[in-house]
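There are 2 protein chains.
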Amino acid sequence: MGKAGLPVSPLAPAAFPDLPVIEGVEFASAAAGVKYQGRTDVTLIRICEGASIAGAFTKSSTRAACVLDNQAKLAAGEGRDKGAAIIVNSGNANAFTGARGQESVDAVTGAVAQALGVPRGRVFSSSTGVIGEPLPHERIVAVIADLAAGLDAGGAADAARAIMTTDTFPKGSGALVEAEGGQIRIAGIAKGSGMIAPDMATMLVYIFTDAKIAPELLQQALDDGLGGSFNAITVDSDTSTSDALILAATGRAAAAEITSLDSDAGRAFTQALHGLMRDLAQQVVRDGEGATKFVEVRVTGAASDADAHRVAMAIANSPLVKTAIAGEDANWGRIVMAVGKSGAEADRDRLTIRFGDLVLAEKGWRSDSYDEDKASAYMKKQELLIAVDLGLGQGARTVWTCDLTHGYIDINADYRS
Amino acid sequence: MGKAGLPVSPLAPAAFPDLPVIEGVEFASAAAGVKYQGRTDVTLIRICEGASIAGAFTKSSTRAACVLDNQAKLAAGEGRDKGAAIIVNSGNANAFTGARGQESVDAVTGAVAQALGVPRGRVFSSSTGVIGEPLPHERIVAVIADLAAGLDAGGAADAARAIMTTDTFPKGSGALVEAEGGQIRIAGIAKGSGMIAPDMATMLVYIFTDAKIAPELLQQALDDGLGGSFNAITVDSDTSTSDALILAATGRAAAAEITSLDSDAGRAFTQALHGLMRDLAQQVVRDGEGATKFVEVRVTGAASDADAHRVAMAIANSPLVKTAIAGEDANWGRIVMAVGKSGAEADRDRLTIRFGDLVLAEKGWRSDSYDEDKASAYMKKQELLIAVDLGLGQGARTVWTCDLTHGYIDINADYRS
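Sequence lines, in order, name chains A and B. Just so it is clear: in the first sequence, position 401 is 401 by this note's numbering, and no numbers are missing. Just so it is clear: in the second sequence, position 409 is 409 by this note's numbering, and no numbers are missing.
Some hints could be false.
Which copy? The list can't say, so a pair holds if one copy fits it or any two copies do.
[Said to hold, decoys possible] Dumping the calculated BS3-like pairs for lysine-lysine here, alpha-carbon to alpha-carbon at most 27 angstroms:
(1) 374 to 35
(2) 363 to 374
(3) 35 to 380
(4) 363 to 59
I should point out that these hints are in silico values taken from the structure, not numbers from a laboratory.
Just chain A, with the same shape it has in the complex:
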């Protein structure tokens, strides 16, 4: 969609899921022609009065104007009892666009505030696409009246399509939680395919729930889930200027208010939210630019969780590991290399390396049970598990990545054209 003619990733789910409708949230999408032609590229989301809103954003020091604006508005916390909105465009990131970047944000969010009758401080925005090009924000402003007129509680799937760039499939995930007094529903959409090595939040992700929960608790539930979802994926080790995750809770569910994350309801909600976040994060990896393999890298036995993360990311980001996977070569020596370069504490003679159930290396040496034919056969699978046990302690971390293929280079060698 973003890149004309890109085939859908072979790792894509069979279909976009049936997302639960979240009472108090409506979507509308339109074709504003920001950059792409012949497709939708702007999405407006209206959120009802009194919703709690949380967010997580890239730590990049060159983050985009809209990211800075969202962070300022969330910190100020103005108008929490009023309605809110999110406006998203694809095709242009409005990043490194100087003072004009903020002018564009003000123009777009101001027009939304006026059209929907919500405070400007409650209108959040995201832009994704080329960095450094001025955003033709007047094209977005021009479609806002139409968007406002077309808002629809069932519009999430169309929204997931409108926010795509080099994505080859729209990403959505839903969850239902049984709680005291009734059900809680959660629905999320995401985009992301390249420039994926989130540092805090990632990419563009919008998650909605009808749970009754205060903003501070909602933010805590979100923060707790990042390490096992968006901060545990990488496509190419490159961190975007535009990563943003916004989570809104409308409070319209029949279920009782969640007043503690340690309550039964709090735990059930958090578990469902985190599972949904992991699902969306994994969908981003499944749509990694040029990806043909989905890879789970599971590190255990590290001296600390931080060490486990360093090792897992060193493996998941290694171009040599990723090209070997693309070539279906069981080159476990490159796993040894990545462990060695990670900077984490490691001892050659305690290291165990498994591909799926196959033990390739242990005790500083190729395993006695090593079988090249079996290892090669395993590499032909589309979903792979690389497991490394460092044999040192209790530190553990799992991350997800994809292979590095000719497709990645085709997509990125002339992205701007």
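Dock chain B against the given chain A, drawing on the hints supplied.
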């Protein structure tokens, strides 16, 4: 050579240089069939009695047996008045080969010690190639007598060929220093093409000089040069288990002994040595797997030299920057992204980005003088300069890298086969 049928890098020098002959150093190369067929794959180097020897090695925590052995021998400093030797094989890295790795090192270095009549503690070794396969060291031992009989002061060029793996051209560099009492000569050879992101030393590099200089001073001169040479290059962000640099000074020059690096002779020698190290390091980048562009990344105005290094390496290692260069796309927005993800202090509104003499971005915004046609024309050059000024302080660092192309993936998707 390493990978059958790989064309010579378009960035290769026109020819292997005429290296100065270093009195007291002899080379011999042979075809032992460690892995490759139809080419030389083992090199023996004999160094005269009384030479000073210095070294620098990878910091990888999974470094190869020969690296550990070299480090132990240099630290022990036994037999400094005796002769010395270096034995190198390509095709197998003898890394992650457990206790058998050290047995192989002992077998090979022991055989060399016996053949040349030098102490075992003065026989250094390197192995480069596949990680995790047992080294068939008996094949190397079998050719040592022939190697010892064929030692030749003019054999450096053949040695540079014998140590190649995926390299497409042999790498050598020479220098002459005019000093009190006569000339000092320096000659070095190197191999390296992929798994290049040195952390301390890198790859395999052997440098020889006839300078008279104590081991401690020689080591200091070497250490001082790493930051501007081997630690300032990257092909793919992957750090080898086998990186090793050995520098030997035979003391056979007519020039007076260098007793301080701060003397005229010390400065002249150090300058020449560092220039030669930089030349060899840049040749490794010029032979980066699949490389079609040689890129200098020059960062100035950083809050510290360490910050400048982080920014330069974030740019030089970014798959998105490197694929844009391969595609001749002046995608300077990805430079902004890389600055942002580096973790270094940065201020959007003080950042200046230049490609060659073209100012693309300044003051947080696309430059007024930006011209897409000129930028695109510049990207067609084979040698590129990416200059980033952070506008914050005096920190500066320059690193060298190459582009990321389909060739890299072709070479690495089935390296072991």
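Discussion item. When the structure is checked against the list of hints, which entries are broken? Sort them ascending.
Written reply: none
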